[in-house]
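Use the sequences and the hints to build the structure in full.
Residues 0 to 95 in the numbering used here are what the sequence shown lists, from first letter to last.
Treat the hints loosely; a few may be bogus.
Using 25 Å as the maximum straight-line C-alpha spacing, the simulated DSS-like pairs for lysine-lysine come out as follows [unchecked claim]:
id	residue 1	residue 2
1	K83	K95
2	K95	K30
3	K87	K30
4	K30	K83
5	K30	K88
Distance ranges between label pairs, derived from CB positions [as the list claims (entries may be wrong)]:
id	residue 1	residue 2	range
6	Q66	D9	27 to 35 Å
7	E38	I12	35 to 43 Å
8	I12	C43	36 to 44 Å
These are calculated hints, taken from the structure and not from any lab test. Since the structure is predicted, the reported quantities are computational estimates derived from the model, not experimental observations. For each residue, glycine too, the CB sits at the ideal point set by N, CA and C.
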Amino acid sequence: MEIFSRDGIDYNIEDCSVIDIFNYNELIVLKVIREILLEDHSLCRCPICLEDLFALSMNSIPPRYIQITSIKKYVTSDNFIDEKTIRKKVLEAWEK
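Okay, here's the thing in C-alpha cells:
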C-alpha cells in the first residue's frame, strides 16, 4: 500500500479549489481526545496509540464534510452529531 501525504493532493477541480471542504467531525474528535488526555494522565500517549485512537474514533462516526462557510448551518442540521455522542465513541475506541 502506498503511503501518501496530504501535501501532494491536488484539490483543484477545473477552476474550483475544494481544499476548504473538510470533515467537521475531525475537529470535534480532536477536541474530545485532548480533553480526555487532560482528564486522565494514565492513558498511553505514544504516537501509535494516539493515531489508532483517532482513526478508530473517526471510523466509528459518519463523516460530515462541509464548506468552511457552512459551519453554522451544519450545527443546526439533522446531520449534526453532538459532542457527548462523539465523546462516547472516542471512549469506546480507547477500549479497543
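Name the hints, by number, that the structure is in violation of. Of the numbered hints, just 6 does not hold.
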